[in-house]
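> For the record, the sequence lines run as chains A and B. Mind the numbering: the first sequence is residues 1 to 310 in our numbering, read in order. Mind the numbering: the second sequence is residues 1001 to 1272 in our numbering, read in order.
Fair warning: there could be bad hints in the mix.
To be verified - Simulated restraints on C-beta separations:
hint, chain 1, residue 1, chain 2, residue 2, range
1, A, G59, B, H1065, 27 to 35 Å
2, B, S1216, A, V211, 53 to 61 Å
3, A, T198, B, A1079, 41 to 49 Å
4, B, Q1035, A, N249, 18 to 26 Å
5, A, V97, B, G1097, 44 to 52 Å
6, B, D1040, A, S72, 52 to 60 Å
7, B, N1127, A, T22, 46 to 54 Å
8, B, S1216, A, R269, 17 to 25 Å
As the list claims (entries may be wrong) - Heads up, incomplete: computed chain A residues facing chain B, CB under 7 Å, no partners named:
hint, residue
9, W108
10, S130
11, T288
Hints in this document: simulated from the structure, not taken from any laboratory. Every residue, glycine too, gets a C-beta built ideally from N, C-alpha and C.
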Amino acid sequence: MVSLTSARLVRNRKARDRAAPTLERPGVGWAIPGLVFFLVFAVAPMVGVLYLSLTSWDGLNAPQFTGLANWSRFIDDGQIWQSTLVTGVLLVGNIAVQAPVSILLGVWSAGHQRNRAVLSAIFFLPLLLSTAATAVMWRQLLDPNFGVPAKLGALFGDSNVLGTQKGAIVCLIVVTSWQFVPFHSLLYQGAARAIPNTLYQAAEIDGAGRVRQFIHITLPQLRNTMVTSTTFMVIGGLTAFDIVLLLTNGGPGTDTSILPFSMYQTAFRTYDYGYASAIASFLLLLATGASLALMKISGYDKMTSTLEGL
Amino acid sequence: MRTRPNYVAGLAAFVWLLIIGVPLYALVNTAVQPQTSYTDGGPVSIPSHLTLDNFATVIDSGFLHYIWNTIFVAAFTVAIVLLLGIPISYAVVRGRGWLTRGVFRLFLVGLAIPSQAVVIPLFLIINRLNLYDSLWGIILPTAAFALPVTVLVLSGGMRDIGTELYEAMALDGANPARVLRDLVIPMSRPSIATACVFTALQAWNGFLFPLIMTQSEDDKLVTLGLYNFVSQYGANVPALLAAVLMSAVPILVVYLFARRALVAGLMGAGGK
Chain A
1 MVSLTSARLV RNRKARDRAA PTLERPGVGW AIPGLVFFLV FAVAPMVGVL YLSLTSWDGL
61 NAPQFTGLAN WSRFIDDGQI WQSTLVTGVL LVGNIAVQAP VSILLGVWSA GHQRNRAVLS
121 AIFFLPLLLS TAATAVMWRQ LLDPNFGVPA KLGALFGDSN VLGTQKGAIV CLIVVTSWQF
181 VPFHSLLYQG AARAIPNTLY QAAEIDGAGR VRQFIHITLP QLRNTMVTST TFMVIGGLTA
241 FDIVLLLTNG GPGTDTSILP FSMYQTAFRT YDYGYASAIA SFLLLLATGA SLALMKISGY
301 DKMTSTLEGL
Chain B
1001 MRTRPNYVAG LAAFVWLLII GVPLYALVNT AVQPQTSYTD GGPVSIPSHL TLDNFATVID
1061 SGFLHYIWNT IFVAAFTVAI VLLLGIPISY AVVRGRGWLT RGVFRLFLVG LAIPSQAVVI
1121 PLFLIINRLN LYDSLWGIIL PTAAFALPVT VLVLSGGMRD IGTELYEAMA LDGANPARVL
1181 RDLVIPMSRP SIATACVFTA LQAWNGFLFP LIMTQSEDDK LVTLGLYNFV SQYGANVPAL
1241 LAAVLMSAVP ILVVYLFARR ALVAGLMGAG GK
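Kindly generate the complete structure, drawing on both the sequences and the hints.
Take a look at the structure:
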């Protein structure tokens, strides 16, 4: 990789004799271009959205400063609190379904038998479809006239499963889980493979059964992955937009119009950018709060190597 | 070690196989039958006729152009993210002082910024930069929001490079640029592959930025093409699902060529 001339060898030997050579370290300047880019396209808009939430703006004329008018409207807006509630229900529902399923699937597929490799490859397939493609596909499968519910009427009763709020929320959770459980179970599969075998051997000697090994060894060892995976779920849940737009279009009525969807409608359908910015700011606060909390739990910001510790 | 077969887990895995497999079967099945046979039999029946006409319909509507646009966006997003992300991660891992630590923390917090929440000011910025309705209007914000994950993945990989290797470079009198070129980049190839895959997935999955930053047919991406097809082909379900299937082709190709990096990337992202 690196060739040394004999002259340099001698020089270096002398240097080594004096003291360990110190390497010039990269300065913070190396980070500047990326930092500027990130500040312009991610951080500045964050400040911008907070400012715009204090204005009335139609997207064409200059924004008019209106103080807290949007925010007092926000607090009195029943529809927004309904959206927040639905966002929360979807978030909790998604985590409640996806976390256990993906932990079990991930740990199971971490085994090395041949059939597991084949099955894991099939489990992986939904990752090949984008959220938009997934939503379009399921919308057809769930179609009240031609889809599966219509053909299996006995199983579904009323075939219009997307026609009620409960049904639509269940469908959103089912479809989101269908798409993302493979992703999360891959995370768990990787983590489960990294658990040292000696721990299980020791447990075996102590006479611990499969269930006890799972509870006392596997789950604690997966703790960090649980935090990572949950972070993905929370952020993903707070920003789920395409799935709602394509699967339920916020309906029936406004029953599944979650916060990002309401924000989009307010901004880009009714051109009320000021009020939409207030909704967006609220979303921003929720997401930042959630991930700061999760980062605190995980100790992610400690900057340690992934090889260190267990 | 554990040799006893676990029947309960096996059964559960089989159930999940059905949950994953049946919709995928219905997708392929519907896409390859004529509309009349679909309306008679529904999505999961055995088709009476097989046809590739649906794919022809989709191609005739210009879908390949959307696929090309998506590949363009993904490629440039990945390029920008690597160009900016590698030096950042290098500075964060090897640099000293509160400034570099601050940079890392900023990107960690940046992980939590939902693109949805800042899309209104971004729309304004893209307009001011005269990039509205161009693919660059999608590429730049997508790259910015892929940067935090990239920095996290890359700096994780770079931290695992042993100190003795840096010491060897020091013996050689290498400056930071050479250390980056000759040691850090070659040694972090796995995490660079991971970052590429992650960013490409994000670009390819993107929906909101293409929806808001572009409007003309010329700049449409696959995800938006599908969205439009819903209204355009609402009644022609087999054609619609053929489009869904075709939209998966680029990522399938990536998967076939970069399977290892893709799977390792998704696994490594979990943290240990």
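> All hints are to be evaluated individually against the structure, with a verdict given for each.
Here is how each hint holds up against the structure:
| no. | hint | in the structure |
| --- | --- | --- |
| 1 | A/G59 / B/H1065: 27 to 35 Å | holds (29 Å) |
| 2 | B/S1216 / A/V211: 53 to 61 Å | holds (59 Å) |
| 3 | A/T198 / B/A1079: 41 to 49 Å | holds (44 Å) |
| 4 | B/Q1035 / A/N249: 18 to 26 Å | holds (24 Å) |
| 5 | A/V97 / B/G1097: 44 to 52 Å | holds (45 Å) |
| 6 | B/D1040 / A/S72: 52 to 60 Å | holds (57 Å) |
| 7 | B/N1127 / A/T22: 46 to 54 Å | holds (49 Å) |
| 8 | B/S1216 / A/R269: 17 to 25 Å | holds (19 Å) |
| 9 | W108 | holds (5 Å) |
| 10 | S130 | holds (5 Å) |
| 11 | T288 | holds (5 Å) |
In this structure, every one of the numbered hints holds.
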